[in-house]
Amino acid sequence: MSDRPQPKPGKPGLPGLIKGLAVTAKNLTTPSHTAEYPDVEPSLPPRSRGVIALVQENCTVCMLCARECPDWCIYIDSHKETLPAATEGGRERQRNVLDRFDIDFSLCMYCGICVEVCPFDALEWSPEFEYAELDIKDLLHDKERLSQWFATVPPPPGPEAGAAEPKEVAAALRPARPRRPVRPPAGGADGGAAPPPGEQA
Amino acid sequence: MADALEVVVRVVAVLAAFLTLPLLVGQTEHKVMAHMQGRLGPMYAGGFHGWAQLVADGVKFMQKEDVTPAAADRRVFRLAPAVALVPYLVAMVAIPLAPGVVGAELDAGLLFVLAASAVGVLGTLMAGWSSANKYALLGGLRAAAQLLSYELPIVLAASSVAMAAGTLSLVGIGEAWRPWWLVWQAPALLCFLVAGVAELQRPPFDMPVADSEIVFGPYTEYTGLRFAFFLLSEYAGIVVLSALTAVLFLGGWHGPFSDALGWLWTLLKTGAVAVLVIWVRVAWPRLREDQLQALAWKVLVPLALAQLALTGLVVVMIS
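Protein sequence lines, in the order shown, are assigned to chains P and U. The first sequence begins at 1 in the working numbering and counts up by one. The second sequence begins at 1 in the working numbering and counts up by one.
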């Protein structure tokens, strides 16, 4: 339920015509609240879906984004490179190298599934939205263009006031468990305590 | 010689009023509507507050191609905007701003103004008939029906004031006016204003034009300057209606310092009525055809007749 005022049934005795005149008169005397967009930048919420930014270094070419994309507007090409063994006699490793990562924003429906499914945080939403083009084929952003958008990605918003602590913080702040009284091993003389659970390895 | 000079001065003055006042009303409508609807569009042209919007509109209208449909009745089609516009100029001649400040002081001024401004609507009918377009024809027929209905209450309401003043001269009516007439003639005022707005085919009585259902009614086929003339005639009509309302019902030049500033009072009252006409356009929805006719025949005509009876009664009792 929104907090928008619900329309009230018309008051008897106050005809709608008078009411209409009153509303327009009120609008006449109050300054307009119209957004003057090209002149004044709109203040967008931090999670606005403007354009998708790519962090090339994070991409492992797992293809999850391309596969999950409902309208198939992500195009990925890659090849494998063989890395020589780091130590002598070691195993050679293979690595995926990203050749092409295009998003066609003329097809994209801004569902954000690609951003959600990326396991390595290589895709992020940026609130930048002013990339209209005169030619539809210019809406295909290649990986360089997508990487440029990353500079415009805002830092993630902090947790809400009163929200539970993030798990890592909560774990770090938790007081250490009290030491368990350790029974000296039967016949043992040194009485060394076992290390507390947090300090193991 | 002096007489000829005076005639020239009066004609030029009326012409100047005819060329400026409708534009002033148009500018006011731009700004007032924009504010009432929270729109910024009309606030850009020129620097301060979009003062040049009307100029820009004029330039735009002049640039447009002047199209006449092939099947149109060419002469009637081309004459229609003039027929719509010129009668308001003629009507303005007889409307006094103050005793003496008038194009031509006529003994039957009221009759003259009503007759002249009624000719203006003929332009709409001509446009609708000659356009060779079914939307224009529909609009023209609707306009005819509407004008037929609303001419009656406007004449009845005006005749009530004429009866109260005992004269058809506009100056005479203005002189005879007393503040208590505001109450006594209030129903006639209402009738006159409503019927006048309907006569101009302004919202909420813009059924004949109905831009969202029959394209633009009788003006569908008009482009460029001819279309602009129709718009201008609407504004000129507002000026005539407002001035007539101010003189007949609101006391015209009566007010403080009326000896020297009478004309200013008339202009101010005219402006106030014009703003009301604009305000009504923004605030109220369009009437349906049947509602339109019902309002004229079931409300305004009986009201005007009752007012006429009341006026007659009071006049007889006073004398």
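It is worth saying that the hints were derived from the structure and are not from the lab. There may be inaccurate statements among the hints.
To give an idea of the interface, some chain U residues facing chain P are shown, with a C-beta separation under 10 Å as derived from the structure [to be verified]:
(1) R39
(2) A144
(3) A145
(4) L147
(5) L295
Computed list of chain U residues with no C-beta within reach of chain P, every gap over 12 Å [said to hold, decoys possible]:
(6) E6
(7) K31
(8) W51
(9) D57
(10) V83
(11) D107
(12) L264
(13) L267
(14) L268
(15) V275
(16) I278
(17) V282
For each residue, glycine too, the CB sits at the ideal point set by N, CA and C.
Numbered hints the structure breaks, given as an ascending list: Numbers 2, 3, 4, 5, 7, 15, 16, 17, in rising order.
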